[in-house]
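Make a model of the complete structure from these sequences and hints.
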Amino acid sequence: KAGVTQTPRYLIKTRGQQVTLSCSPISGHRSVSWYQQTPGQGLQFLFEYFSETQRNKGNFPGRFSGRQFSNSRSEMNVSTLELGDSALYLCASSKTGLNEKLFFGSGTQLSVL
Amino acid sequence: GNSVTQMEGPVTLSEEAFLTINCTYTATGYPSLFWYVQYPGEGLQLLLKATKADDKGSNKGFEATYRKETTSFHLEKGSVQVSDSAVYFCALSDQAAGNKLTFGGGTRVLVKP
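Line by line, the protein sequences are chains A and B.
Going by our numbering, 97 is the number at position 97 of the first sequence; the sequence numbering is gapless.
Going by our numbering, 176 is the number at position 63 of the second sequence; the sequence numbering is gapless.
Hints were generated in silico from the structure; no laboratory data involved.
Nothing false has been slipped in among the hints.
Taking lysine to aspartate or glutamate pairs in the EDC-like style, the calculated list, with each CA pair at most 16 Å apart, reads:
#1 B/Lys165 <-> B/Glu176
#2 A/Lys57 <-> A/Glu75
#3 B/Lys181 <-> B/Asp207
#4 B/Lys165 <-> A/Glu100
#5 A/Lys57 <-> B/Asp207
#6 B/Lys169 <-> B/Glu182
#7 A/Lys101 <-> B/Asp207
#8 B/Lys225 <-> B/Asp197
#9 B/Lys225 <-> B/Glu128
Written out as structure tokens, the structure is:
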């Protein structure tokens, strides 16, 4: 059974640009969550989608957005990139997202120059 | 709001030594508690979990007991191996907060042969 797949693995962008990251969950999983990991702030919750609806959102500015498709694949978008957006972005999936084990992808390492 | 505090690393040990990583939490509801592990270049993997007070989670020789009276969930392993070198994250999931994971800052463990 394939795990959670995130693409691309690495990204380099410049300030002001926008970026889209992709996440394919494990087959049968309908919940997809996104986390930002930085050395300074640690792991922070961005948002969670279930059946194409955003069910929960963390404390990030509106530049961070996401969506989920009917096949449960998810994308997150960051517009007007800032240097502080440099981070490892992790996607996690689970069947229901309710108090159960999350399966994480290897992440997308975003560097903003 | 919810928060998780764990001991800062790095923790450096010799093979076969005893490992303890302290974790305490603050939550408004009745959280489930987790330990996740992150190996270099990879995403997070669930190590163990406990869903109610006095539950003991265990996996791969690691154990942690949910202590409601001390709001703690300390991770222990009796005899570590070089392959246990990784970053360990304590986390909680609270239905009142929409089931998102709140992570501690992570503890890097280095086991030397």
